[in-house]
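S.K.: Build out the structure end to end from the sequences listed, making use of the hints.
Which chain is which? The protein sequence lines are R and V, in order. Okay, so the first sequence: first residue is 1 according to my numbering, each after it adds one. Okay, so the second sequence: first residue is 1 according to my numbering, each after it adds one.
Keep in mind that the hints were calculated from the coordinates and are not lab data. One or more of the hints may lead you astray.
[Unchecked claim] Partial pick of chain V residues on the chain R-facing surface, computed with a CB cut under 10 Å:
1) D203
2) V209
3) L215
4) A250
5) I253
6) P296
7) R358
8) G386
9) D387
10) G388
11) G430
12) N446
13) L448
14) V469
15) F470
Backbone N, C-alpha and C fix where the C-beta goes; we use that ideal spot for every residue, glycine too.
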Amino acid sequence: MCVHRPNDEQALGALISDAAAAGRKLELRAGGSKAQIGWRAGIADIVDMSAFAGIVDYDPAELVLTVRPATPLAEVEALVAADRQMLGFEPFDHGPIFGAQSGHATIGGVIAAGVAGSARPFRGGARDHLLGFRAISGRGEAFVGGAEVVKNVTGYDLPKIIAGSWGRLAALTELTVKVLPVPRETSSFAVVGLDPGRAYRAMARVQGSTADVSGAAFIPMQAGAPSRTVFRLQGARPSIDARTETLRAALADFGATDEIDGDVWETMRTLAPLREQAVLWRVSLPPKSFAAFVERLDRPWLADWGGGLVWLGGGDAEPVRGAAELLDGKAMLIRGGGAPTFHPQPAMLARLEERVRRAFDPAGIFETGRFDAH
Amino acid sequence: MTLKMPEPKPDILARRAEIVAALRAIVPGEGVIDDLDGRRAYESDALTAYRQIPLVVVLPDTKEQVAAILVWCRDAGVRVVPRGSGTSLSGGALPLEDGVLLGLSKLNRILEIDYDDRVAIVQPGVTNLAITRAVEDRGFYYAPDPSSQIACSIGGNVAENSGGVHCLKYGLTTNNVLAVELVTIDGEIVRIGGRALDPGGLDLLGLIVGSEGLLGVVTEVTVRLLATPETAKALLMGFATVQGAGQAVAEIIAAGIIPAGMEMMDRPAIHCAEAFVRVGYPLDVDALLIVELDGPEAECTYLADEVAAIARRNGATTLRASRDEQERVAFWAGRKAAFPATGQLAPDYYCMDGTIPRRRLPEVLQRMDRMSDDFGLKVANVFHAGDGNLHPLILYDANIPGQLERAEAFGSAILRLCVEVGGVLTGEHGVGVEKRDLMPEMFSENDLAQQQRVKCAFDPDLLLNPGKVFPTLHRCAELGRVHVHRGQVPHPDLPRF
Ligand SMILES: Cc1cc2nc3c(=O)[nH]c(=O)nc-3n(C[C@H](O)[C@H](O)[C@H](O)COP(=O)(O)OP(=O)(O)OC[C@H]3O[C@@H](n4cnc5c(N)ncnc54)[C@H](O)[C@@H]3O)c2cc1C
Numbered sequence: 001m002c003v004h005r006p007n008d009e010q011a012l013g014a015l016i017s018d019a020a021a022a023g024r025k026l027e028l029r030a031g032g033s034k035a036q037i038g039w040r041a042g043i044a045d046i047v048d049m050s051a052f053a054g055i056v057d058y059d060p061a062e063l064v065l066t067v068r069p070a071t072p073l074a075e076v077e078a079l080v081a082a083d084r085q086m087l088g089f090e091p092f093d094h095g096p097i098f099g100a101q102s103g104h105a106t107i108g109g110v111i112a113a114g115v116a117g118s119a120r121p122f123r124g125g126a127r128d129h130l131l132g133f134r135a136i137s138g139r140g141e142a143f144v145g146g147a148e149v150v151k152n153v154t155g156y157d158l159p160k161i162i163a164g165s166w167g168r169l170a171a172l173t174e175l176t177v178k179v180l181p182v183p184r185e186t187s188s189f190a191v192v193g194l195d196p197g198r199a200y201r202a203m204a205r206v207q208g209s210t211a212d213v214s215g216a217a218f219i220p221m222q223a224g225a226p227s228r229t230v231f232r233l234q235g236a237r238p239s240i241d242a243r244t245e246t247l248r249a250a251l252a253d254f255g256a257t258d259e260i261d262g263d264v265w266e267t268m269r270t271l272a273p274l275r276e277q278a279v280l281w282r283v284s285l286p287p288k289s290f291a292a293f294v295e296r297l298d299r300p301w302l303a304d305w306g307g308g309l310v311w312l313g314g315g316d317a318e319p320v321r322g323a324a325e326l327l328d329g330k331a332m333l334i335r336g337g338g339a340p341t342f343h344p345q346p347a348m349l350a351r352l353e354e355r356v357r358r359a360f361d362p363a364g365i366f367e368t369g370r371f372d373a374h
Numbered sequence: 001m002t003l004k005m006p007e008p009k010p011d012i013l014a015r016r017a018e019i020v021a022a023l024r025a026i027v028p029g030e031g032v033i034d035d036l037d038g039r040r041a042y043e044s045d046a047l048t049a050y051r052q053i054p055l056v057v058v059l060p061d062t063k064e065q066v067a068a069i070l071v072w073c074r075d076a077g078v079r080v081v082p083r084g085s086g087t088s089l090s091g092g093a094l095p096l097e098d099g100v101l102l103g104l105s106k107l108n109r110i111l112e113i114d115y116d117d118r119v120a121i122v123q124p125g126v127t128n129l130a131i132t133r134a135v136e137d138r139g140f141y142y143a144p145d146p147s148s149q150i151a152c153s154i155g156g157n158v159a160e161n162s163g164g165v166h167c168l169k170y171g172l173t174t175n176n177v178l179a180v181e182l183v184t185i186d187g188e189i190v191r192i193g194g195r196a197l198d199p200g201g202l203d204l205l206g207l208i209v210g211s212e213g214l215l216g217v218v219t220e221v222t223v224r225l226l227a228t229p230e231t232a233k234a235l236l237m238g239f240a241t242v243q244g245a246g247q248a249v250a251e252i253i254a255a256g257i258i259p260a261g262m263e264m265m266d267r268p269a270i271h272c273a274e275a276f277v278r279v280g281y282p283l284d285v286d287a288l289l290i291v292e293l294d295g296p297e298a299e300c301t302y303l304a305d306e307v308a309a310i311a312r313r314n315g316a317t318t319l320r321a322s323r324d325e326q327e328r329v330a331f332w333a334g335r336k337a338a339f340p341a342t343g344q345l346a347p348d349y350y351c352m353d354g355t356i357p358r359r360r361l362p363e364v365l366q367r368m369d370r371m372s373d374d375f376g377l378k379v380a381n382v383f384h385a386g387d388g389n390l391h392p393l394i395l396y397d398a399n400i401p402g403q404l405e406r407a408e409a410f411g412s413a414i415l416r417l418c419v420e421v422g423g424v425l426t427g428e429h430g431v432g433v434e435k436r437d438l439m440p441e442m443f444s445e446n447d448l449a450q451q452q453r454v455k456c457a458f459d460p461d462l463l464l465n466p467g468k469v470f471p472t473l474h475r476c477a478e479l480g481r482v483h484v485h486r487g488q489v490p491h492p493d494l495p496r497f
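M.R.: Rendered as structure tokens:
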């Protein structure tokens, strides 16, 4: 195995077309904050993308930022924060989840992995904020998808499929994302002591109201502390004040609604309560399935996205995936275990995905075995 | 018409009777339309400059019938053009002489509404507005609101990734759809996406939305429902200059306000609309801005004051805030009637749909003014100011020889200008046949080849809606062979997007 460090698109294109011709595999790597997801099958050369870093263009008034993928996420966030803007999908650094230092995540990495935080159901995911990109395909060819404006339907929406593709389609060399204004103020609230079933009902009630939350999560009872069903309101102060009343009214049947500090959202980003778990699952579910899912598995967990996301500590692939499957969910393996990283797809869909992958990477050079069982 | 469509296959034309019979075996009764008058009703969509009577029209009742039709057509080598309500403004549903027109209008049932998870599952022929109508009494709505919402189908919205005046805050179709059921040309019925967000596989759903009927036929759509905002308030603001209005828009965004809608009209559009609906638009201004805020009353009032202050700072000469729902609707009436209103000025109008970076607006309007002189045709502009999506309406008279061609040439020149200033050919209406031949303005051969390889992954025989989107449709086998020499990135000097 060797490590390549191409300096520009030309070199990257040559590296990729040579690998395709020679039948070699390539694994794309920038900050390495998610390197522990999947495993190293040892059949691929590493392509260190760190030369593709830096801000290309940022125009706050247009709500658009163009940047090279290996730019540290922290640098991007600091840049836009200076103009009171943010990445609306609230990407986060996986470093702390793996007990490592934070600061290694890159913007390209969080887009390629489709990482989105607590605001996902309300402001969209990485897919919804990637407007355009430039990349080298598995054929070694440079191509673009999307554009640099927020509203565009010209041609296929390739940014959607690139976001969350985990480097399996093409090597990104530049990307354009939409940015949003930072909400002026944030308030957080909790109802304590609900069981998962009641918590789901409370979260559904709130999301069906005009409280317009930008976060709805659940932290189960642990070490004697009662469970907390938490909500986030953001916006201008008079708006938050009015919506606080709406929130309280929506939650009246569920208990008192207390204002809390915002640390809870940091917990959802770092998954601190699950840090000791050797095996970590990320389970996407229809929110409705949330209580039934967690009740089936006697393991520690946290829930976000109104119940639509469960982080589960431990559990074998069979019962976890079986329970998810039964409830229309999908379980992705984030840490440990030996199962395939992604939830297996139904056969017809798997064939379609395979054909789409071949459309970008005919020789399969970006398929390194990283996400297969081992 | 000047447009070149794929050459009709003579053997298919010759086998018309056999094809009709085969379709009748799949869809019994009225569902197959064979007579000339019946077929003529489908000869164009809302881009009426282009017409073609289809080989035959079929209106299936079930997804199983859709699947059987597609398999049969694949085996017989017959092309298929899917159609929803036929309101496309880019000719996406333009029939082919040798193609089956597959209408989805009979698949028009709402299958499920789940108020807890706030989703609705509907068939593709359900109209956009019908979804909101079905859930509004419970305080919910479906956010994307194309002006055609009373007529256009959700299947068509998915195919075009349609937007509306509220998409600045609430997103386009793609941001509001969770899943589709897709029938492939092989007759496979596949569920793509689901109620679980970001589940880990490739985001095929994102590819299907906006694919203009070229990848498969959508037979079911799962959409997100949102709680209807408590109140909405609109501000109507007139500016002496386009620059002033543009600066106000930039400052509203910079203040961290994302309005529910932010629309601009230029002088010709204002005059047209006012003459048509008489809602009291100021006539002595160069730009009119309508900003709508929604949410709790307290929020609307608070932010409306800020927006008003920004407008005043930038030289607004008229400034009115809606005091009640009736007045809010009146403010919008002129904007919503802008299209038909232009019909008062000229027998025909041609609606364009480019997007530009907002800061380039004054310059783009100036250059469009000059082009208007050069082409000898008037143009009125309505503009989704928040996201830079420009709708120039070119006025012409198709009965005057040469005017249609001049209108088309003017339209192409405008779209080239949009791309030149860093924008795109279409913000929400789709490429269809209309902008097909302009695609190379925005994309290199490599870019287009990559997009076409995606097409080939779904439809290797190029039977679904050929002649749309791609200026040249290469045979899939050919595309596989095209290869770049080592390290030779073609056109390394081309601008980035
Ligand atoms: C007056 C007017 C105002 C408009 N305003 C707006 C606006 O504000 N915003 C906006 O975005 N658009 C607008 N449009 C454009 C148009 O209404 C939209 O593009 C709409 O989504 C088209 O829907 P349809 O059902 O009429 O589709 P059609 O016109 O029938 O078809 C459009 C495309 O979708 C494909 N298609 C249709 N159904 C399916 C299916 N089930 N599966 C696969 N492919 C399918 C067709 O092949 C075609 O390529 C407007 C049009 C008019 C006439």
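S.K.: Using 10 Å as the Cβ threshold, decide whether L215/V counts as touching chain R.
M.R.: This hint holds: L215/V lies near chain R, its Cβ roughly 8 Å from the closest one there, short of 10 Å.
S.K.: Interface hint check: G430/V, Cβ to nearest Cβ on chain R, cutoff 10 Å. Holds or violated?
M.R.: 6 Å, holds
S.K.: Holds or violated: is there a CB of chain R closer than 10 Å to the CB of A250/V?
M.R.: 4 Å, holds
S.K.: Does R358/V hold up as a contact with chain R if the rule is Cβ-Cβ below 10 Å?
M.R.: With Cβ-Cβ at 6 Å, under 10 Å, it holds.
S.K.: Hint G388/V vs chain R: min CB-CB distance below 10 Å?
M.R.: With a closest approach of 6 Å, the G388/V hint holds.
S.K.: Against chain R, with CB atoms and a cut of 10 Å, does the hint on V469/V hold up?
M.R.: 7 Å, holds
S.K.: How about P296/V: closest beta carbon in chain R under 10 Å, or not?
M.R.: 4 Å, holds
S.K.: For the restraint on F470/V, tell me whether the closest CB of chain R is nearer than 10 Å.
M.R.: 9 Å, holds
S.K.: May I ask you to test the interface hint for N446/V with respect to chain R, counting a Cβ-Cβ separation under 10 Å as satisfied?
M.R.: 5 Å, holds
S.K.: Would the stated hint for D387/V survive a check requiring a Cβ distance to chain R of less than 10 Å?
M.R.: Since the shortest Cβ distance to chain R is 4 Å, the answer is holds.
S.K.: Under 10 Å, Cβ to Cβ, is where D203/V needs to be relative to chain R, so tell me if that hint holds or is violated.
M.R.: Status holds, d = 5 Å.
S.K.: Classify the hint on V209/V as holds or violated, based on whether any CB of chain R lies nearer than 10 Å to its CB.
M.R.: 7 Å, holds
Violated hints are absent here; each numbered hint is respected by the structure.
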